[in-house]
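Chains as they are written, first to last, in this note's numbering: chain A, 5 to 323; chain B, 5 to 323; chain C, 5 to 323; chain D, 5 to 323.
Wrong hints could be hidden among the right ones.
Note: identical chains are not told apart, hence a pair may lie in one copy or across any two.
The calculated lysine to aspartate or glutamate pairs, modelled on EDC-like cross-linking and capped at a C-alpha distance of 20 Å, are [claimed, not checked]:
1. K33 to E317
2. K309 to D282
3. K33 to E205
4. K284 to E118
5. K208 to E317
6. K309 to E297
7. K284 to E297
8. K309 to D139
9. K6 to E205
10. K284 to E82
11. K248 to E119
12. K248 to D99
Just so you know, these hints were derived from the structure itself, not from any lab.
There are 4 protein chains.
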Amino acid sequence: MKRIAVFTSGGDAPGMNAHIRAVERTAHKHGLEVIGIVGGYSGMMSGHMEVLDRIRTANILDRGGTVLKTSRCPEFLEPEGRTQAMEQLRSHGVDGVIACGGDGTFHGAHLLFEEHGIPIVGTPGTIDNDLWGTDFTIGYDTAINTAAEAIDKIRDTADSHGRLFFVEVMGRHAGFIAMDVGVACGAEYIAVPESMTDIEELYKRIIAQGRDQRTIVIVGEGDELGGAYKLSQLIEERYGLTSKVSILGHMQRGGSPTVRDRVLAARLGAASVQALLDGKTDVMVGEVAGRVELVPLADTWSHRKSVPSYLIELATMLV
Amino acid sequence: MKRIAVFTSGGDAPGMNAHIRAVERTAHKHGLEVIGIVGGYSGMMSGHMEVLDRIRTANILDRGGTVLKTSRCPEFLEPEGRTQAMEQLRSHGVDGVIACGGDGTFHGAHLLFEEHGIPIVGTPGTIDNDLWGTDFTIGYDTAINTAAEAIDKIRDTADSHGRLFFVEVMGRHAGFIAMDVGVACGAEYIAVPESMTDIEELYKRIIAQGRDQRTIVIVGEGDELGGAYKLSQLIEERYGLTSKVSILGHMQRGGSPTVRDRVLAARLGAASVQALLDGKTDVMVGEVAGRVELVPLADTWSHRKSVPSYLIELATMLV
Amino acid sequence: MKRIAVFTSGGDAPGMNAHIRAVERTAHKHGLEVIGIVGGYSGMMSGHMEVLDRIRTANILDRGGTVLKTSRCPEFLEPEGRTQAMEQLRSHGVDGVIACGGDGTFHGAHLLFEEHGIPIVGTPGTIDNDLWGTDFTIGYDTAINTAAEAIDKIRDTADSHGRLFFVEVMGRHAGFIAMDVGVACGAEYIAVPESMTDIEELYKRIIAQGRDQRTIVIVGEGDELGGAYKLSQLIEERYGLTSKVSILGHMQRGGSPTVRDRVLAARLGAASVQALLDGKTDVMVGEVAGRVELVPLADTWSHRKSVPSYLIELATMLV
Amino acid sequence: MKRIAVFTSGGDAPGMNAHIRAVERTAHKHGLEVIGIVGGYSGMMSGHMEVLDRIRTANILDRGGTVLKTSRCPEFLEPEGRTQAMEQLRSHGVDGVIACGGDGTFHGAHLLFEEHGIPIVGTPGTIDNDLWGTDFTIGYDTAINTAAEAIDKIRDTADSHGRLFFVEVMGRHAGFIAMDVGVACGAEYIAVPESMTDIEELYKRIIAQGRDQRTIVIVGEGDELGGAYKLSQLIEERYGLTSKVSILGHMQRGGSPTVRDRVLAARLGAASVQALLDGKTDVMVGEVAGRVELVPLADTWSHRKSVPSYLIELATMLV
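Bound-form chain A, shown alone (with noise of 0.2 Å):
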């Protein structure tokens, strides 16, 4: 292996910088020439690729976003789209592949793979936390952290009005940030999308806060009920309570990333370059209790990672 290539995919996250730095550095520490390509599958289509080295890979592993861009790619969903990127990388020299991103990034790196032969290792980067083989993704950390400021902001103003709010964070179909969120902000509740909301719970928990008093409902955006909107909605409708709502949103994906991501996205860009080097390939590194694992990518998305049974108890006992 001479010459690897590293991208990002997908929906950024605050750590992917950290990441392409870390790999960069451990390649050249090994030998290895690197190649960023830009823009995710579609940069790896068109050849859309830079040569990185110390002096791109400066002065990034505090920011967030990613240097290397980043798409959802359609085209790279037909066989045709992949060969047109395997030649490309043919044609750039590459030897192996390293992907930051979701199951998405994972599901193509594996037809990728799978069709043409090339090395290719996956790295887990989302703020959502959804992805079986790891304990927490890059970006997830300061996700909630964010998340955790923007509510304990919404919490003063609920506080001085005695309000009830609704407040809607990311995590696509998962419940992690909602529930790391909502148990760290004291939430009085916490719906998820792993179950359905019982409104008259819901109702219940409101209620027992007292009349006049501050209460924090934390909504995960995939919840069955249709999110932050429609739940204040249903709770006005049937028992004529208002409330505030606001949608964190997009600010959640972005930001400087915390100590916890920098240090993940650091491992495992070592370990995805040491992966390569091993002859590794169709896996993803993650880490679990502590310690660096490797898992195929097709486990990745089809096991299914659970939101922790102690959060949801102490969301319970701590109400």
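With chain A held as given, fit chains B, C and D onto it using these hints.
Below, chains B, C and D alone, put in the same frame as chain A:
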């Protein structure tokens, strides 16, 4: 004058606690007793009051929200409500009142003075900065920094994806927040309530950025066309451009106040006590060009404060 | 068991308030009464205690420091001191104690149990992360993020001037903070208490950066050679290189806790109450590889917890 | 005028990047070419310059430090140095210069104009706020907020332990930072360089807080008695009070600029280009009472700007 009361009313704003502390400290330095009215005009009507001392106001100046709570109180709009409030003030031995809030708060204060003659001084506490008679209101500086930090984060993801974003900020009918934040964050376009947005011009600005380039449009919540969602929709319908929308929402009201807000809150707190001691009433204490100024309460809402023209010029010049 | 007490002791750490709240909530869910001992072992000896309820623990979980105060108490090192403390606990009807702090706190707790038989469970509350039996201590995650944010700022100025900086972080005799922060901030060299710094090697790393390039050396406060000032001086004396020094200091102990610290504090709070109910004593509840574990108090200080080897490897690999 | 140059010099300050961007954008809107001089007067002498365009100044306005680097350059103090610099400016076709920095920078600019006649306009870029002719300097608002956030954290631990802290802030020979931050953080005493600290009065203030109460003394770095360490020592020697010391240090120079600093930087950037176009030279553009003003460069250092008297009064009133 032996005993004064202070309260916060309307939307809460960061710095209100620093203001309450300053009133308490200044009043005691002048030998006055101080009472805090809890929950704005509601608390004034129901006699919900508490004695303020050093211990009560310790460790609050860096906290968002207001320890005296706040509310919107329609009953106070009726003469009977104000009479009831005045009886409570009398029965608590209150000789003068400091009212921290926005124009709704000042309307009430003005009527209370007119009808019952109790000395009352207003202080500008609102994140919207829409009060004539002061360059800045307490809470405004914190709100613009909170909004800018969120937009900096959104730019991370907008940049990584080359996306168009419509970001809605608070400010009611005034474009102060939108303009200051838009200039500070290098927004490509700023839509303010003061003028009708020209959709064609907006479109031209967006495409001038180039295809697949990050573009951020800041929208003041009082925007004539209906806010960020509406603008996003119009741009898609007319020109086929897709975009993301983020409504920053209530987090802009909370958070630990900035230095400028704490110092302004302290200065106007001390000045409002002094104004009562000097026999002033029916006035607001504000800061104009660095000096404390008194203006009649009625002027604060009848005169319109405009967004500084230099901000509008900068917004055009620096795109 | 009908009534338990909780206290914080030694250096304060962010998350202690979230911990106190979790103990209060969990205990009440289990029908226990809860008392807070004010000021650590001093308060235990003098009987300075207060009842903890929902109202007392409302709105504290996002605050740094500890509402129960803390202290260092040499009198408790004497048997007489502990006897006096035990009498106070008895007279307040305390059946079990939760002690949140570091190794000094646990020494005291261990002796109190040995001599007087009162059930006592420790929880790891210290920013230094130097307790065996838990992967992370409460407060550590906040401290490393606070330090990293400060170093990110220092890098701005170091970069602009092309300067060499020695930045000293906390951690007592352990290099956890230095290593995590050093890797997270891309430090050019990390000096930890666990090993003697080789000045010549340090010099080589510095000049490898190139003349007039920003270089940041992170120094753990327990560094054998004497800390950041001493290293700066040695590098100047031997090699004629001038540098700037920054001691981050006590700000690393404060601030609103991160999500991870709040959740850890909550989890160990709930677990410590459960441990008392289960008849456990003379143990610390910690979190190891994602699970709550109980370890004898004496093990927490007699076993030495080492900085993870992967951090040391990353620090070398990513320079 | 066809081509102008801009540079940053002396201590770096947050907002310098926003300033560089504003100069670039404004100049191009007026049809001027813009060159960035790298490394202040050093780069001017060595001809280290680069063309500035939209791409170079994209995504810098929220970053601390200065992308044009800075330095202290003793050679420029000699007439030969300035002659050499002028030759470089001529050979690069520079018709006008914008110099962003503090009094040292302006001294150099003034001499360059006097000796060589090149139009030169200064802009106030320093965290110290010690320049006459502008109410605030670029970087000051960020520095006071950075300091206040650190002190809020120190208060957590000071409060928890009931400790006396001496916290030293930057500001060179001026007490602006100390006074603004001291008032904002509710300091019990503020020692500024402008007046000799009375140790007995300081002691009285400390003990007035009560035994075992948190007490925070803010010390400006230019304090006559020698700074925070010296004051701490004097209070211990004379009165036997022990205390902790924290020197906030260089982190105060960095960080993402506040909205106020970004807007000020933008406004003065646009105004400085306009000043050159209007044929002005040997002047600084500042902001006084909300308006842009031009003052002779020599006035900026020969007139002394004082800390506003209202801050001094508040510091006494609100203790």
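Here is how each hint holds up against the structure:
1. K33 to E317: Intra 46 Å, inter 12 Å, cutoff 20 Å: inter-copy only.
2. K309 to D282: Intra 27 Å, inter 31 Å, cutoff 20 Å: neither.
3. K33 to E205: between (57 Å within a copy, 18 Å between copies)
4. K284 to E118: within (14 Å within a copy, 54 Å between copies)
5. K208 to E317: within (18 Å within a copy, 52 Å between copies)
6. K309 to E297: within (15 Å within a copy, 23 Å between copies)
7. K284 to E297: Answer is within; shortest intra-copy Cα gap is 12 Å, inter-copy 35 Å.
8. K309 to D139: within (9 Å within a copy, 22 Å between copies)
9. K6 to E205: Answer is neither; intra-copy 60 Å and inter-copy 30 Å both fail.
10. K284 to E82: neither (25 Å within a copy, 60 Å between copies)
11. K248 to E119: neither (51 Å within a copy, 35 Å between copies)
12. K248 to D99: neither (54 Å within a copy, 37 Å between copies)
Hints 2, 9, 10, 11 and 12, counting from the list given before, are not met by this structure.
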